[in-house]
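*Asks:* Spelled out, the chains give:
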Amino acid sequence: ELKVEQNPLFLSMQEGKNYTIYCNYSTTSDRLYWYRQDPGKSLESLFVLLSNGAVKQEGRLMASLDTKARLSTLHITAAVHDLSATYFCAVDINMNRDDKIIFGKGTRLHILP
Amino acid sequence: DTEVTQTPKHLVMGMTNKKSLKCEQHMGHRAMYWYKQKAKKPPELMFVYSYEKLSINESVPSRFSPECPNSSLLNLHLHALQPEDSALYLCASSQDPRGAQNTEAFFGQGTRLTVV
Numbered sequence: 001e002l003k004v005e006q007n008p009l010f011l012s013m014q015e016g017k018n019y020t021i022y023c024n025y026s027t028t029s030d031r032l033y034w035y036r037q038d039p040g041k042s043l044e045s046l047f048v049l050l051s052n053g054a055v056k057q058e059g060r061l062m063a064s065l066d067t068k069a070r071l072s073t074l075h076i077t078a079a080v081h082d083l084s085a086t087y088f089c090a091v092d093i094n095m096n097r098d099d100k101i102i103f104g105k106g107t108r109l110h111i112l113p
Numbered sequence: 114d115t116e117v118t119q120t121p122k123h124l125v126m127g128m129t130n131k132k133s134l135k136c137e138q139h140m141g142h143r144a145m146y147w148y149k150q151k152a153k154k155p156p157e158l159m160f161v162y163s164y165e166k167l168s169i170n171e172s173v174p175s176r177f178s179p180e181c182p183n184s185s186l187l188n189l190h191l192h193a194l195q196p197e198d199s200a201l202y203l204c205a206s207s208q209d210p211r212g213a214q215n216t217e218a219f220f221g222q223g224t225r226l227t228v229v
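So the protein lines, in turn, are chains F and H.
Each residue of the first sequence is one higher than the one before, starting from 1 at the first, in our numbering.
Each residue of the second sequence is one higher than the one before, starting from 114 at the first, in our numbering.
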């Protein structure tokens, strides 16, 4: 059974600090997504990571993927209040030629001004 | 156009009602998904359609009935729901359900369903 584990589940941090969210998964996959969700809203795609060693950056967020370790990280640099949201990683697995996207439990990020 | 459109945005229905949720995309995506999300929980996969055929049903109760009339449309028919079915229902689509590269899943804005 595929497990996708994120940690921490909740993070309160000061503006200007750096932090990393971790996403571990239990089965082979070569596609991993990071999404952001604001309260009451849908999911906003942040990154799609397609291969081992992939690194993508957008503004203060940087995501990486290590398929051998089955680990992805989302690094936040010099956090600002606007980044407060819930962040989900999601793993794409191929089941009998069909894709199934399974989400981690999410990390609620609260950035204090 | 990278949009997945869901209607309605909000729905309140009684336990004896029949209603439908609709999802539409015009990106040529051949995989479409329904997810259910309860408050402060991650989205949970319900159904996957691949080339307009139901390929994954995650043991969803029969009071939820999906339908894919064509490659752009995905419906979720609701009948005899329970209050615990109240949630945000998200539709998503991706380009190729058979593991092609550059497959990104796009989500609609969701339908917030309340069963009374």
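Fair warning: there could be bad hints in the mix.
Said to hold, decoys possible - To spell it out: a stretch of chain H is covered by chain F in this simulated footprint if at least three of its residues, at any positions, have a beta carbon under 8 Å from a beta carbon of chain F; those stretches are:
no.	stretch
1	156–163
2	186–197
3	217–228
By construction, these hints were calculated from the structure, which means they are not laboratory data.
We put the beta carbon where it would ideally sit given N, CA and C, even for glycine.
*Asks:* If a hint holds in the structure, say so; if it does not, say that too.
*Replies:* Hint by hint, here is what the structure shows:
Beta-carbon proximity to chain F at under 8 Å applies to 5 residues in the stretch 156–163 of chain H; the threshold of 3 is reached and the given coverage holds. Restraint check on the stretch 186–197 of chain H versus chain F: 0 residues with Cβ-Cβ distances below 8 Å, three needed, restraint violated. Proximity of the stretch 217–228 of chain H to chain F, defined as three or more residues with a beta carbon under 8 Å from a beta carbon of that chain, is established by the 8 residues found.
The structure fails hint 2 only (numbered hints given earlier).
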